[in-house]
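**Q** Based on the hints, put chain Z in the right spot on chain V.
What follows is each chain in one-letter form.
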Amino acid sequence: MSIHPGTAAKRKAPENQAAAGTAKVRRRSPTRVNPALYLFPLPAVAVIAFFLVMPTLQAFQYAITDWNGFSAAFNYVGLDNFIRAFTKDSLFTNALTNNLKFVLLVVIAQTAFSLVLALLLTKNSRGSILLRALFFFPTILSSVSVAFIWKFIYDPNFGLANSVLRTVGVDGGAYLGNDAQALYWVAITQVWFHSGQMMVVYIAGLQAIPKELYEAAEMDGANKWQQFKSITWPFVAPATSIVVAYTTVQSFKAFDLILGIAGNPPKSSLDILSTRIYSTFANSEFGYAAAQSIIFMAMIALVTWLQRRLLRLTPKGE
Amino acid sequence: MSQISRRQAMAILGALGFGATAAACAGPGGSTAPAGASGPAAPSTGAVTGKVSFAHWRGEDKAVFDELIKRFAAKHDGVEVAQDISTSNDYNAQALQKLRGGSIGDAFATFRGAQFKNFSEAGIYTDLKDSKAVGNYQKGLLSAGQSGDHQLGLPYQVVFPMPMANVDLFDKAGAEIAPKNWDAFLAMCEKLASSGVIPISWPGGDVGNGGQLFNCMIANNAPVDDMCAQIEQGKLKCTDDWFLKMLNQYKDLAPFVQPNATGTAVEPAQNLFSQGKAAMLATGSYHIAAVRGLGAKFPIDLVFPNTTSDGKGKYEGAYNATFILGVNSASKNQAAAAAWIDFLSEPENAGYYANQTAQHVSVDKVEYTNPDLKRLSPWLQKKTALAARFQFNNLDVRNAVEASATAVISGTSPEQAAAAAQKIVDERL
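So the protein lines, in turn, are chains V and Z. When we follow the working numbering, the leftmost residue of the first sequence carries the number 1, and every step to the right adds one. When we follow the working numbering, the leftmost residue of the second sequence carries the number 319, and every step to the right adds one.
So here's chain V without its partners, still in its complex pose (with noise of 0.2 Å):
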């Protein structure tokens, strides 16, 4: 096989042939190129082929049987298992209530938290960028890492929160083992660990912003939350569109922060959808695990897209 010559090449070939105005030549589109060039993502296709789009059809495939992930023997069972997720099992409803309290909590608490501390570390000071560097820290640890760092500060016996609160005399609380608060308690470990990644998400987006539009609006007299509202919020917005869909994204999938901090099986009151289907699958209900999985999948993919159309922070064209 061998790949044709460059494209500047093949555009000038027909001005030449044309102007000897001797053989017939095959007129080629200026953009044309050559077919060759198509098999370059070949790798790329290869690999999402065979390590996404492959185990996504089969996880279809799987969901409409009752296979137990090591038995020769499986049964069709229709809709059965999607059925089962959402009328008959209770476990995975309240993974999923759990879940979208999560993903509320988070996208909300994260999205302001980390735009406040864009809003205050803008500037190119040199104070700014060491606490952009500390903000960004939790980001570069691993999620287990997290995990071990949250569960020792919300230990009711030796714990950081704890130690801290009886030197003033007050008494902790079980944290992660009061049932009714542990999702909150985790929702701020997930603000902590992603913030300062979002934060520089928003400091781009900020510094975007031409000074001239802050200059005007003070001349005109606008306060500072004036100038948010005004300027700053509908320029961010694109950045917030990113930060809200991502916040989105983690937050379903926050399987390893859950796991690490709660333990494996977490108990119901921390579990979410991704490790409900861990612990489906472990249960070995390979099929209805994965029917869970195409609707965890699709939720991301509703909750996402009904973001974007609410929120309409995303500037057509864009």
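To give an idea of the interface, some chain V residues facing chain Z are shown, with a C-beta separation under 7 Å as derived from the structure:
#, residue
1, D155
2, P156
3, Y175
4, N264
5, A282
6, N283
With a straight-line Cα cutoff of 25 Å, these simulated SDA-like cross-link-like pairs (lysine to any residue) come out:
#, chain 1, residue 1, chain 2, residue 2
7, Z, K569, V, D171
8, Z, K650, V, S71
9, Z, K741, V, R84
10, Z, K683, Z, F383
11, Z, K595, V, G172
12, V, K101, Z, S728
13, Z, K555, V, T93
14, Z, K435, V, N264
Everything labelled a hint here was simulated from the structure, so no lab data went into it. Computed from a predicted model, the values in this text were never measured in an experiment. Where is the CB? At the ideal position from N, CA and C, for every residue including glycine.
**A** Just chain Z now, kept in the frame of chain V:
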């Protein structure tokens, strides 16, 4: 060299996509190698040489196994054993998939209960019925590795999933270490609390370890020995009187566990015990080495929370026969793997393992020299119940049933907790 046209390039990409789609449509379970019609075969024989992968979850025993591997290699020229260790939770969840191919886990261990059952059904075990090793075990302790007429695995460890006691703190408080009934057990806790220590350190935030107490609490309360299997099958219910009685006894324990116990992970619970802040650690004898490692110097005994009112319970304790050793049917080096299992099952080597890891073994004629094991050895002769929680084959059911006890300790009413657990069980019937 010929050129590739656009059409050809598209055809290649299309074929690739079609191939991926076709491959994805292959039916599940196609690669399974089920046991033959006559059941699992014995491991193949041959020269004891080559590489053996030994898959298990006991990271804390790695150094002890390393020493045993050295001794095994000294006996057999050219043999090499490599440990493939996962955490217990990962092992529980993933070992079956990892071992099916046979490239990992020529020899392996499994948990008793659901994992053993799944491995048996997947045809991963060979039959060790006629192996040299099987004769070294106490016959009464082999049942956990049997399936029909086949001895698929050899339960290596004997552990007591019962609260461990700091004998010094009991003596100081004048508390009875072997309470005869439930009132006596509560009185014992009261005495310990009055002496200024936490009576029970319980890792309620850790599902696996927190659930061990369940084995003791249910042993004498249940009307039958296979109570958990019957709950799973719907023959017994969590809302039955006997189960509610047990949950009410959990409620009695609530004032005697450390504050915020449901948020306590296993390591802090071990620390409370090893530092002498708590008189009991409600996990099991398998944590002796860990608490010794944390600096516990005091003598350790076991306490059975006797839930009977008249002291006439069927059982005096609870035990578990686990770490079930097996030889992988997909292994390409079964002879060496079986030799390794034979080697581990020799009394001398089993004794080395037991004394170094502070865990009893089910191998007969083992001499226990470890002071903790010597002290606990009388428990091997007592009438103990085989740990009930491992009868559950469905992990969701097990977690839901055990979570009812945790919920009661955190303040939920026994009736409400039982109903919540039964709902999950009913959904999985």
